[in-house]
Amino acid sequence: MKVGVCVDLNFEIIQKAFPLLLQGAGITIQITALSVGLGLLIGMIVGVARLASIKIVKYLANIYVDFIRGTPLLVQIFLVYFALPILTGSRIDPFIAAIAACSINSGAYIAEIFRGGIQSIDIGQTEAGRSLGLSWYQTMRYVIMPQAFKRIIPPLGNEFIAMLKDSSLVSVIGFEELTRRGQLIIARTYASFEIWLAVAFIYLIMTFTISRFVAYLERRYQTK
Amino acid sequence: MIKISNLHKSFGTLEVLQGIDLEIAEREVVVIIGPSGSGKSTLLRCINYLEEPTSGTISVDGIELSGEANINAIRREVGMVFQRFNLFPHMTVLENLLLAPMKVRNLTKAEAEKNALALLIKVGLESKANAYPEQLSGGQQQRVAIARALAMKPKALLFDEPTSALDPEMIKEVLDVMKDLAQEGMTMVVVTHEMGFAREVGDRVIFVDGGKIVEQGAPEAIFSRAKEERTKSFLSKIL
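These protein sequences, in sequence, are chains Y and S.
Note that this note's numbering has the first sequence beginning at 1, numbered continuously upward.
Note that this note's numbering has the second sequence beginning at 225, numbered continuously upward.
So here's chain Y without its partners, still in its complex pose (with noise of 0.2 Å):
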C-alpha cells in the first residue's frame, strides 16, 4: 500500500491545452482591459463627484461607492445578468454583462483611488490655479489631476491586478475567460490537476508581468 500522494503530470494534456488556455488569458486581458478602463472613466467622475460641494451628486456618489464595495462582485454579476433582464425584458449578452458588471465594480474602487489622489494634492495648489482666474474645472484638468495622476499610478496597478483575477468570476455566467477555459478542458479530459496547475501559472506570469511594469511606470514618473 503506497503512503502519500503520487502525481503523475501528464505534460502533453498540458501541451495541448496550452494554446486554448491562452487564447482565453487573451480574453481575461481584454475583459479586465475594458473593465479598468471604463472603470477609470466611472472612477475620474464619481471620485471628483465625491468632493462636490453640491451635495445630491455627493450623495449619489457615495451610495454607488458603498453599495458596491459592499457587495460581493459575484452577487454584482448575477445582478446584471439574471436581474437586470427580468427588469427590461430582454436577455443580455455575457461579454457584455461581463464588461458592465466588472466596470461598475472597478469604478468605485477607482474613484476611492482618484478621491485620495485628489485630496493628497495640497489646497495651495487649487487656490494657485483659481486666483490666476482659472475655472474649477480648468484647475482640475491642468493643476490637480496631472500631479494627482502621478501619485495613484501604484493603487491603479493594484487595482488593474485585482480585476484580472477577479474577471474569473465572469465563467459562472458561462463566458469563456481564461477560469471557464480551464473548466471546460477538465470536463473533456479529467485532468484537473495539470489543467489548474496551468491556469494558475498562467495568471501568475499575467499578473507579475504587470506588476513590474507598474513599479517601472512609478520609477519613470517619479524622477519628473
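Since the hints were derived computationally from the structure, they do not count as laboratory data.
Please note that the accuracy of each hint is not assured.
In silico DSS-like cross-links for lysine-lysine, where the CA-CA straight-line distance does not exceed 27 Å [to be verified]: (1) Y:K150 - Y:K58; (2) Y:K16 - Y:K150; (3) S:K396 - Y:K150; (4) S:K333 - Y:K150.
Dock chain S against the given chain Y, drawing on the hints supplied.
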C-alpha cells in the same frame, strides 16, 4: 479700485472679521500688519474670494463680487502671491507662467511666451525658464510666483506673507522685486511682518487686531506716533 464695506467672516462660531471697511486707491501700496489670528490673511483672501465673506460687499474695479462667473472675472484682475509659493510642481517655470494667460486670456503660445520671458528677466530668472520649481531656492520660487501672477497683467496684486516661508538670506531678493513693482505703480495689498518694507514702500499701514481695523495711517505715523494702545503694544514687541 478695491472697496470693502462692512465685511464679516465667520468660521463656525468664530468671527474672524468683524466689520471691515477699507478703500484702496489705484497705485496705492497698502501694508496690513497685526498679530497672528487677527484676521489679516482672511481679509486678504476675501478680496479675491478664496474665502467667501459671511456678509458685506467687496468690489474690485467697479465689479461687485457675486456669483461664480463674476468671481472668475475678478480673479483675472487681482493676482495673488502666497506664503508657500504654490508653484505648479509638474510644470517648468515657463509653463507655470504660460498656463493662465493661455487658458484664461486665450493668448497664443508665442504671445504668452514673449510676455513670460520678459517677466522672468524682470525678476532675474530668465536662466531658469526650463527648470522645475523643486530645483529652485525658496526666494527664486517666490520670484517665479510673482512673475506668474504678473503674467495675467492684473490690476492689483495681493501678497499673503510672501517672505514668511523664506530663509533670511532670501528675503531681500523677494522684497526688491516687490519694491520695483510698487515703484512702477502696481496697486498692492501686502500682509507682512517685514516692517522695514512697510516703512519704506508702504503708502499706508493698516493695523488689524481681533478682526477689526484698529488704526491706519502713513507708515511714519503708525510706527512712530501710534495712538491706540493695542498698536503700540504690538509694535513694541516686533520693532
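Comparing the hints with the structure gives:
1. Y:K150 - Y:K58: The given pair, whose Cα atoms are some 25 Å apart, holds under the 27 Å limit.
2. Y:K16 - Y:K150: violated, 43 Å
3. S:K396 - Y:K150: violated, 35 Å
4. S:K333 - Y:K150: Distance of about 26 Å is within 27 Å: holds.
In terms of the numbered hints stated before, the structure departs from hints 2, 3, listed from lowest to highest.
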